[in-house]
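Protein chains: 2
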Amino acid sequence: MKVKEIMDEEFIYITQDQSIEEVSIIMENGKKFTTPVVDENMHLVGWITSFELTKGLREGNEKISEVMHSKDSIVHVHENNPARLAVLETSHNKFVSIPVLNDDGVVVGVVRSFDIVETLSKLYEIKVYKIFKAMEQELKGVSWDELMEASAIVTRRRTGENVTAEEYEFRIKEATFGEAIWATGGLEKFFVGLIAIGQLVTAKKVARARK
Amino acid sequence: MKVKEIMDEEFIYITQDQSIEEVSIIMENGKKFTTPVVDENMHLVGWITSFELTKGLREGNEKISEVMHSKDSIVHVHENNPARLAVLETSHNKFVSIPVLNDDGVVVGVVRSFDIVETLSKLYEIKVYKIFKAMEQELKGVSWDELMEASAIVTRRRTGENVTAEEYEFRIKEATFGEAIWATGGLEKFFVGLIAIGQLVTAKKVARARK
Chain B
0 MKVKEIMDEE FIYITQDQSI EEVSIIMENG KKFTTPVVDE NMHLVGWITS
50 FELTKGLREG NEKISEVMHS KDSIVHVHEN NPARLAVLET SHNKFVSIPV
100 LNDDGVVVGV VRSFDIVETL SKLYEIKVYK IFKAMEQELK GVSWDELMEA
150 SAIVTRRRTG ENVTAEEYEF RIKEATFGEA IWATGGLEKF FVGLIAIGQL
200 VTAKKVARAR K
Chain G
0 MKVKEIMDEE FIYITQDQSI EEVSIIMENG KKFTTPVVDE NMHLVGWITS
50 FELTKGLREG NEKISEVMHS KDSIVHVHEN NPARLAVLET SHNKFVSIPV
100 LNDDGVVVGV VRSFDIVETL SKLYEIKVYK IFKAMEQELK GVSWDELMEA
150 SAIVTRRRTG ENVTAEEYEF RIKEATFGEA IWATGGLEKF FVGLIAIGQL
200 VTAKKVARAR K
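Taken in order, these protein sequences are the chains called B and G.
Numbering that gives the first Met the number 0 puts the first residue of the first sequence at 0, with every later residue one more than the last.
Numbering that gives the first Met the number 0 puts the first residue of the second sequence at 0, with every later residue one more than the last.
For the record, the hints were derived by calculation from the structure and aren't laboratory data.
Where hints are given, some of them may not hold.
Intra- or inter-copy, both count: the list cannot distinguish identical chains.
Stated by the list, open to error - Below, computed lysine-lysine pairings styled on DSS-like, alpha-carbon distance capped at 25 Å:
hint	residue 1	residue 2
1	Lys-3	Lys-210
2	Lys-172	Lys-132
3	Lys-70	Lys-30
4	Lys-30	Lys-132
5	Lys-93	Lys-126
6	Lys-54	Lys-30
7	Lys-129	Lys-172
8	Lys-204	Lys-30
9	Lys-30	Lys-121
10	Lys-1	Lys-172
11	Lys-188	Lys-3
12	Lys-1	Lys-70
13	Lys-1	Lys-188
14	Lys-70	Lys-210
15	Lys-203	Lys-139
16	Lys-3	Lys-93
17	Lys-188	Lys-203
18	Lys-126	Lys-172
19	Lys-126	Lys-3
Bear in mind the structure is a predicted one, so any value in this text is a computation, not a measurement.
For reference, chain B alone in the conformation it holds in the complex (with noise of 0.2 Å):
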């Protein structure tokens, strides 16, 4: 996935000859605690936050040219980067929002926390009654009770919880991925738990073949 994936696009930008009283009024209006300065190019000139845009009214500053930070001095990230990238950036560094440009230096947009929260919790969200779905149709051969009987063994196994195959069945439909790996102690963990109920249905299934 790459940055312009996951940016806004109807960004707010504003011009460092504009007024900090004004500015803040579009800030408050478009609910954005930070903004990018451009010129008439849509070049990056500079940043504003609120915390500027507060200690320029209580100082009595006019222009924003006065308080944004310098171009410098703002982190950001290319349009064709790994969203990765602009992933670490937020966390690492506790932006709520960067500047995106393109190969002429254009801002052509902004990456905000929460839309990367957005996109990052999506996948958590996944029901893991979704992945058994796919393991059915990829172990041919295997029933669906077949499944969830040798979930409920492998869980037995592991956990020492005396859970039958129904219990399972009903857990696995409720339970988002996020709270699987959370409930088994990790995303590896996890997976070699479904690995080895693979591998029990897949013994299952030839042993049955032998007969």
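Let chain B serve as the given structure and place chain G on it in line with the hints.
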């Protein structure tokens, strides 16, 4: 995972009698765009964002009580809520942060979107190699080389791409889980690929045992 595990406990808070000027300086210094307003018992009574501050400064308001969001309008989460809930609220409502309350209505923390980004992105940064190493351990009696060979075969079958076991190993040493699910077309597909690999090595192991 619970809300209290991802919240910031070292949050800034203010009272409604403080002046807007004073609070704007506190929030600039603490680099916070939002902050809870509490009473003497740390109960939540309001919420301030930078937008109320710029508006208040512009319009000549004095006290926080004149400009804050009232308690009724504030979305909050409980410290024992699933972290998922804070994640969903943050992305759906495009909040940068949400106050966290305990059973007594006391503000005990703030969940910030970049903290969520950090937590969520850790999962994406796990190396695929680690998943295969866990798989190797689970698939007893299967060597690492056999696992890589099977992985290359499954990849060739599924994508038509002519990849060798060595190339596959190199690839998973570099790739993260986030890149892998993107490359395979989704979580289910990634996982089903692993199940297919598990089946193939198991089949080979069984065939070897029969000889």
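Taking the hints in turn, this is what the structure says about them:
1. Lys-3 - Lys-210: neither (56 Å within a copy, 55 Å between copies)
2. Lys-172 - Lys-132: Within one copy, since 11 Å is at most 25 Å while 29 Å is not.
3. Lys-70 - Lys-30: Both ways: Lys-70 and Lys-30 sit 23 Å apart in one copy and 20 Å across, limit 25 Å.
4. Lys-30 - Lys-132: Classified as neither; 42 Å inside a copy, 46 Å across copies.
5. Lys-93 - Lys-126: This pair counts as between: shortest inter-copy Cα distance 24 Å, intra-copy 30 Å.
6. Lys-54 - Lys-30: both (18 Å within a copy, 12 Å between copies)
7. Lys-129 - Lys-172: Within one copy only: 8 Å inside, 28 Å across.
8. Lys-204 - Lys-30: neither (59 Å within a copy, 60 Å between copies)
9. Lys-30 - Lys-121: within (24 Å within a copy, 29 Å between copies)
10. Lys-1 - Lys-172: This pair counts as between: shortest inter-copy Cα distance 21 Å, intra-copy 32 Å.
11. Lys-188 - Lys-3: between (33 Å within a copy, 24 Å between copies)
12. Lys-1 - Lys-70: Classified as within; 23 Å inside a copy, 39 Å across copies.
13. Lys-1 - Lys-188: Between copies, since 20 Å is at most 25 Å while 29 Å is not.
14. Lys-70 - Lys-210: Classified as neither; 74 Å inside a copy, 70 Å across copies.
15. Lys-203 - Lys-139: Both ways: Lys-203 and Lys-139 sit 13 Å apart in one copy and 17 Å across, limit 25 Å.
16. Lys-3 - Lys-93: both (20 Å within a copy, 19 Å between copies)
17. Lys-188 - Lys-203: both (23 Å within a copy, 24 Å between copies)
18. Lys-126 - Lys-172: within (7 Å within a copy, 28 Å between copies)
19. Lys-126 - Lys-3: Intra 27 Å, inter 24 Å, cutoff 25 Å: inter-copy only.
Checked against the numbered hints given earlier, the structure breaks hints 1, 4, 8 and 14 and satisfies all the rest.
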